[in-house]
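Q: Just so you know, the protein sequences line up as chains R and Y, in that order. Going letter by letter, the first sequence gives residues 27 to 283 in the numbering used here. Going letter by letter, the second sequence gives residues 27 to 283 in the numbering used here.
Relax, there's no trap hidden among the hints.
In the DSSO-like style, the derived pairs of lysine-lysine whose C-alpha atoms are separated by at most 30 Å in a straight line are:
1) R:K97 - R:K118
2) R:K216 - Y:K112
3) Y:K86 - R:K231
Calculated from the structure, these hints are not laboratory results.
Protein chains: 2
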Amino acid sequence: MKTTKPTILVVNDDGITAPGIKALIETMAEIGRVVVVAPDTPQSGMGHAITIGKPLRLDKVELYDGIEMYKCSGTPVDCVKLAVTKVFKGKKPDLCVSGINHGLNNAINVLYSGTMSAAVEGAIESIPSIGFSLDDYGWEADFSHCTKFIKQIALQVLQNGLQAGTLLNVNFPNTKDIKGVKICRQANAKWTEDFDERVDPYKRKYYWISGVLENNDMGEDTDIWALEHNYASIVPVQFDLTAHHAIPLLNSWDFSV
Amino acid sequence: MKTTKPTILVVNDDGITAPGIKALIETMAEIGRVVVVAPDTPQSGMGHAITIGKPLRLDKVELYDGIEMYKCSGTPVDCVKLAVTKVFKGKKPDLCVSGINHGLNNAINVLYSGTMSAAVEGAIESIPSIGFSLDDYGWEADFSHCTKFIKQIALQVLQNGLQAGTLLNVNFPNTKDIKGVKICRQANAKWTEDFDERVDPYKRKYYWISGVLENNDMGEDTDIWALEHNYASIVPVQFDLTAHHAIPLLNSWDFSV
Numbered sequence: 027m028k029t030t031k032p033t034i035l036v037v038n039d040d041g042i043t044a045p046g047i048k049a050l051i052e053t054m055a056e057i058g059r060v061v062v063v064a065p066d067t068p069q070s071g072m073g074h075a076i077t078i079g080k081p082l083r084l085d086k087v088e089l090y091d092g093i094e095m096y097k098c099s100g101t102p103v104d105c106v107k108l109a110v111t112k113v114f115k116g117k118k119p120d121l122c123v124s125g126i127n128h129g130l131n132n133a134i135n136v137l138y139s140g141t142m143s144a145a146v147e148g149a150i151e152s153i154p155s156i157g158f159s160l161d162d163y164g165w166e167a168d169f170s171h172c173t174k175f176i177k178q179i180a181l182q183v184l185q186n187g188l189q190a191g192t193l194l195n196v197n198f199p200n201t202k203d204i205k206g207v208k209i210c211r212q213a214n215a216k217w218t219e220d221f222d223e224r225v226d227p228y229k230r231k232y233y234w235i236s237g238v239l240e241n242n243d244m245g246e247d248t249d250i251w252a253l254e255h256n257y258a259s260i261v262p263v264q265f266d267l268t269a270h271h272a273i274p275l276l277n278s279w280d281f282s283v
Numbered sequence: 027m028k029t030t031k032p033t034i035l036v037v038n039d040d041g042i043t044a045p046g047i048k049a050l051i052e053t054m055a056e057i058g059r060v061v062v063v064a065p066d067t068p069q070s071g072m073g074h075a076i077t078i079g080k081p082l083r084l085d086k087v088e089l090y091d092g093i094e095m096y097k098c099s100g101t102p103v104d105c106v107k108l109a110v111t112k113v114f115k116g117k118k119p120d121l122c123v124s125g126i127n128h129g130l131n132n133a134i135n136v137l138y139s140g141t142m143s144a145a146v147e148g149a150i151e152s153i154p155s156i157g158f159s160l161d162d163y164g165w166e167a168d169f170s171h172c173t174k175f176i177k178q179i180a181l182q183v184l185q186n187g188l189q190a191g192t193l194l195n196v197n198f199p200n201t202k203d204i205k206g207v208k209i210c211r212q213a214n215a216k217w218t219e220d221f222d223e224r225v226d227p228y229k230r231k232y233y234w235i236s237g238v239l240e241n242n243d244m245g246e247d248t249d250i251w252a253l254e255h256n257y258a259s260i261v262p263v264q265f266d267l268t269a270h271h272a273i274p275l276l277n278s279w280d281f282s283v
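If we strip away everything but chain R, and leave its shape as in the complex, we get:
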């Protein structure tokens, strides 16, 4: 670890006023200089979206004593890009942490999650990055039992670094009695949608997305298993999406035209 205080970028997807990011800011302030760049409105489910069709705003705000903070009109990924370019001006922070998300980002949720996509973008920028999420979707969620784990995980990342092209996806069960931390793989689970169909006052149909996360993965090394057994799950994540194992078979196909 560097002997000077590390600089820590804090982002999220629930918006800059969310209790989850407040808990993360307070925890990170114990170990480093904190800079916050977070969306000015909730951006849950934004995945790795960036804003290209309209201009972006980035404005300094003062919410918590002694913390440098900026609100951004864009997505969580926009926040990281603007932080790197316009706030840090290329002098990268030592750590990027995202969350604490109000709700789990385990299994396939890593793809839909703005929280995790912000952390992925941090990793693309070669910043050691971690996303944190709690199994409680409520605005009034209690994050207090997670913070000692978050602090230790962040300290370990600052001390050891992360392998190039990887980041961490950390999820906490909603219990005061967390048994410990498990290193896991992403469970093979998917959402089965069940759109809520309604009719507006003008007799036109509309839909609200809803559904159930169905887990067909019986492995005991998955994030779902760990959370169900009251462990915090840590999945190392990568942004090279190449299915390397599929290359040899594809090379045997006939692509002649």
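Chain Y: place on chain R using the hints.
A: Then chain Y, alone, in the frame of chain R:
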């Protein structure tokens, strides 16, 4: 291949009126029964975003003779979810194709791309899925030299299937003289942002995202290399983001609190 005509879901991110999806619809109509579910407005850069904060619209439209088409108010991923649930009602199509995107989705662009995220969502739904993109960002792009390759790739996928948890990311160079197809890995390249900073009439700053894709990957097995050498690139993509190789090292860390 089934002896009955395959059913093919066509989606995109440039919107249902884009010339790129028209070229893809025409090509797919040569080999199967086509059903289109596409965004009613451009959704480039939406990544794997889903719409959770507002209701979704899905309306039948008639644009091309004999083609069943629906426009959707949401993201490309919303389109696939609504297609599976509300259009196909659980009876899945034989193939999901996305594009043809006006612009490349090679290298790290796979993460930002609505086109590719729609194909990823198709794969999550266990539908053999392919995203197609052309190196021409113009609305008036000419897709005619790509379509014979697209047809052959789609036929190969229908005939052979794809390995579970994988899909294909296909990119075409902007040349009439495509040398052939190469199976590739995702190049290790990233965007270096250069936000265009402006001042509005009310004296407030705003930003347009822009940047340069910088490739530090000299491999000759990458999608960038193939495209630069006038080959169409095919990268097999997976949605298990676990960095399995990072698990042993993380297990040696101290997470005690």
